[in-house]
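Visitor: Note that the protein sequences, when read in sequence, are chains R and C. Okay, so the first sequence: first residue is 1 according to the numbering used here, each after it adds one. Okay, so the second sequence: first residue is 1 according to the numbering used here, each after it adds one.
Keep in mind that the hints were calculated from the coordinates and are not lab data. Remember, predicted model here, so these are calculated numbers, not experimental data. Backbone N, C-alpha and C fix where the C-beta goes; we use that ideal spot for every residue, glycine too. Don't take each hint at face value.
List time: in silico EDC-like cross-link candidates among lysine to aspartate or glutamate, alpha-carbon distance up to 20 Å [as the list claims (entries may be wrong)]: (1) Lys-440(R) - Asp-512(R); (2) Lys-372(R) - Asp-64(C); (3) Lys-440(R) - Glu-517(R); (4) Lys-66(C) - Glu-327(R); (5) Lys-429(R) - Glu-517(R); (6) Lys-66(C) - Glu-148(R); (7) Lys-122(R) - Glu-112(R); (8) Lys-473(R) - Asp-458(R); (9) Lys-27(R) - Glu-50(R); (10) Lys-372(R) - Asp-32(C); (11) Lys-27(R) - Asp-84(R); (12) Lys-60(R) - Glu-76(R); (13) Lys-60(R) - Asp-48(R); (14) Lys-440(R) - Asp-479(R); (15) Lys-440(R) - Asp-469(R); (16) Lys-78(R) - Asp-28(R); (17) Lys-174(R) - Asp-185(R); (18) Lys-60(R) - Asp-92(R); (19) Lys-122(R) - Glu-133(R); (20) Lys-546(R) - Glu-590(R); (21) Lys-174(R) - Glu-200(R); (22) Lys-473(R) - Asp-446(R); (23) Lys-149(R) - Asp-64(C); (24) Lys-66(C) - Glu-112(R); (25) Lys-71(R) - Asp-92(R); (26) Lys-348(R) - Glu-332(R); (27) Lys-66(C) - Glu-140(R); (28) Lys-372(R) - Glu-35(C); (29) Lys-174(R) - Glu-35(C); (30) Lys-342(R) - Asp-435(R); (31) Lys-66(C) - Asp-280(R); (32) Lys-179(R) - Asp-64(C); (33) Lys-118(R) - Asp-55(R).
One-sided excerpt, in silico: chain R residues whose CB lies under 10 Å from chain C [what the hints assert, rightly or not]: (34) Val-205; (35) Thr-208; (36) Thr-228; (37) Pro-232; (38) Glu-236; (39) Tyr-255; (40) Thr-385.
Here is how the chains run, residue by residue.
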Amino acid sequence: MPDARGGYQGDDMTFTNIAGVLPASDKDHFERMLFRSTRGNCYVRFADIEEPLVDATGQKVSKVVFIIFFKSTAIEAKVKRICDAFSAHRYDVKKLDRPRELQAQQDANQRELEDSKKILDKNTETRVRICVEVAQYLEEWLWTVRREKATYHTLNLFRSDVGNFLRGQGWILKDSLGKARSALDRAQATLNLPPTSMIERVMEVWPTPPTHFRTNKFTDAYQEFVNTYGIPRYREINPALFTAATFPFLFGVMYGDIGHGSCLALGGLYLILTEKKANDRNLDEMMKGIYSARYMLFMMGIYAVYCGFIYNDYFSLGLKIFKTNYEYEEHESNAEATMLSKYGDSSKVYPFGVDPAWHIADNELLFFNSMKMKMSVVLGIIQMTFGIVLKGLNALYFHSYLDFVCEFIPMILFDVGFFGYMVILIFIKWSINWDERMQKGSCNYDAAGTPAACQLSDVNLECYSYNGDVCNKDTDVVDLCPLDYGGTGDGCQPPNLITTLINIALAPGSVDEPMYEGQAGVQTFLLLLAFFCVPWLLCIKPFYLKFTHKPTAPVTGGGTNPLLDGEDGASDNSATAIHADHGHGHGHGEFDFGEVFIHQAIETIEFVLGMVMFIYPSCTDFI
Amino acid sequence: MLSMINTGNPVMVYAGYAVFACVTFAVLLCMDLLECFLHALRLHWVEFQNKFFKADGYRFQPFDFKSVLARASLD
């Protein structure tokens, strides 16, 4: 007689059963656990389920079916606990001896399974459909939400004013004011609002306005270049304008090779031609940076090609574009080249660039180093002088005449007096025909005055000089040279420019190899001028500010020297000042002489050291 | 490298040219480019701009839907 618990009573051999499903991995552990806790008083059977089933998380798990037979109720409780511990699903399997009823139950289960599967599939399908529908609108919604958020964030910056007004202050480009007003009118008309909103100019003293430049895709790279150093102050000269020309040029001067330069130019050209495609694709940081600099790279390549033509350098080889001015035996090492025309003959100058014969000469480096270094020094000093001139222009524009007189004038005098003079020396040395001068100062004239007609040797002990005097091997150049500029060479020997420069400072008043009359005097004057420019730059401005500063009552909070304000006013708003900005430690009406003096000292040191530091590395190479 | 190419042996020329091309690319085109770029940069920032550029302004950042949405698309 079956009872409610699925067991048979009235018989000693009644067995209760518990059936269920268990993950296959737990099977052994489960079996052992059962054996131990029931002390072997139960009977377990397992059967594998062949295909792994998908569990709730979507993973396939292989499971086994188990059925446990036992007698007592105590064991039943234990078994139930163990099953729960292993999270095995238990299923009621009654009527084990009625196969037809078991079959009916199995069919019912199967049907339930199919129904559930159908419902699950339908749900998944619906979910996908909803997502696809939403996907069309998602971007639009996002944009709308972001626009609204931005608008409300900005509205938060407004403050409530009298008469139920909301009032906000901000900056607008002067050119856009008209457009903004018409947009406001349009908005009010569309929404049928009374025309109560307005945009008006603020009347009081303004804080420093922000800086804005209109750039196009060409000038963008250079503006970013300058902005990385620092955003320009409102209304000061924007270096990006000049950088657009000088940066690729200086790069070209340094890179200077037709072949490599054209590789760079082609690379830049490729980037330019594919810029539309690149805009659509999402690039990583580095490629984005390279793309943003595509016009700059292209220009750098072009300038490098140009300088390559000047240096006559094609993948480090010389190009024989024009007829070379030297004659030499090819493929013979240590051959000496002879010039085909006289030194200084202007009709036979190599038309453009460096004579290709130099590239295979032994003393190639001597020539190139001297030329390139002198050229770099000249270009660098031109750039630095230009920078100082811009400083003067800025001072004039902002009407800070103190800056103009106390900073610009001493700087430009120091620069031109010392380094400008060096440039002039370089050009003088380049322009003198040294062959001619050295010839004048040599001892190889004959009695008639024909140059190079007499050769001093062991046989011929005497020749004549330019002046017609007799001379021999021991005669000094000073006595031979007809020019009378002083020093050891009297002007007939080419000077070593570095020595000359060093001696301006170390041995003033004496020039070893002068190039023109009165060189010693000029150099001493310039040295004194430069010498006095330094304390001028250092001291005049702080002392002037100190003497003209009027101490004011702290209540008013204003009235500081307007020039001081002009200097510091902009620094109030600076967050990214590169300069050694003396901090806003002094309040209104206070004047800290020490701080101003230190600031000026830093400027002076920066300037003087900056100029000298530029020259020093180049000095070692150029002669 | 030069002596390799000078022997005239085609294999040596082939290998020598490969070395030459690699050195050209790595040293001259990559490293040299970077170096000249850096020095030109240094010249501009340190020697030129130092003389007159105060650089203590701040950028004009207007309320602009385009930039709001551009920033949004980056997220």
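Visitor: Does each hint fit the structure? Answer for all of them.
Guide: Verification of the supplied hints:
1. Lys-440(R) - Asp-512(R): holds, 18 Å
2. Lys-372(R) - Asp-64(C): With a Cα-Cα distance of about 50 Å, the restraint between Lys-372(R) and Asp-64(C) is violated, given a limit of 20 Å.
3. Lys-440(R) - Glu-517(R): holds, 17 Å
4. Lys-66(C) - Glu-327(R): Given that 20 Å is the threshold and the Cα spacing comes to 67 Å, the pair is violated.
5. Lys-429(R) - Glu-517(R): Judged against 20 Å, a Cα distance of about 14 Å means the pair holds.
6. Lys-66(C) - Glu-148(R): holds, 13 Å
7. Lys-122(R) - Glu-112(R): Holds, at about 15 Å.
8. Lys-473(R) - Asp-458(R): It holds: about 10 Å lies between the C-alpha atoms, which stays within 20 Å.
9. Lys-27(R) - Glu-50(R): holds, 15 Å
10. Lys-372(R) - Asp-32(C): Between Lys-372(R) and Asp-32(C) the Cα gap is close to 17 Å, so the pair holds against 20 Å.
11. Lys-27(R) - Asp-84(R): holds, 14 Å
12. Lys-60(R) - Glu-76(R): Distance of about 31 Å is beyond 20 Å: violated.
13. Lys-60(R) - Asp-48(R): holds, 14 Å
14. Lys-440(R) - Asp-479(R): At roughly 11 Å apart (the allowed maximum being 20 Å), Asp-479(R) and Lys-440(R) satisfy the hint.
15. Lys-440(R) - Asp-469(R): holds, 13 Å
16. Lys-78(R) - Asp-28(R): holds, 18 Å
17. Lys-174(R) - Asp-185(R): holds, 18 Å
18. Lys-60(R) - Asp-92(R): Not satisfied, since the Cα-Cα distance of roughly 24 Å exceeds 20 Å.
19. Lys-122(R) - Glu-133(R): holds, 17 Å
20. Lys-546(R) - Glu-590(R): Given that 20 Å is the threshold and the Cα spacing comes to 11 Å, the pair holds.
21. Lys-174(R) - Glu-200(R): Cα-Cα ~12 Å, so holds.
22. Lys-473(R) - Asp-446(R): At roughly 15 Å apart (the allowed maximum being 20 Å), Asp-446(R) and Lys-473(R) satisfy the hint.
23. Lys-149(R) - Asp-64(C): holds, 13 Å
24. Lys-66(C) - Glu-112(R): violated, 56 Å
25. Lys-71(R) - Asp-92(R): Status holds; Cα separation ~17 Å.
26. Lys-348(R) - Glu-332(R): Given pair Lys-348(R), Glu-332(R) is violated - Cα atoms ~25 Å apart, limit 20 Å.
27. Lys-66(C) - Glu-140(R): At roughly 14 Å apart (the allowed maximum being 20 Å), Glu-140(R) and Lys-66(C) satisfy the hint.
28. Lys-372(R) - Glu-35(C): holds, 17 Å
29. Lys-174(R) - Glu-35(C): Roughly 42 Å separates the two Cα atoms, so the pair is violated.
30. Lys-342(R) - Asp-435(R): Roughly 10 Å separates the two Cα atoms, so the pair holds.
31. Lys-66(C) - Asp-280(R): holds, 16 Å
32. Lys-179(R) - Asp-64(C): Holds, at about 14 Å.
33. Lys-118(R) - Asp-55(R): holds, 16 Å
34. Val-205: violated, 18 Å
35. Thr-208: holds, 7 Å
36. Thr-228: This interface hint holds because 9 Å falls under the 10 Å limit.
37. Pro-232: holds, 5 Å
38. Glu-236: Since the shortest Cβ distance to chain C is 6 Å, the answer is holds.
39. Tyr-255: holds, 5 Å
40. Thr-385: holds, 9 Å
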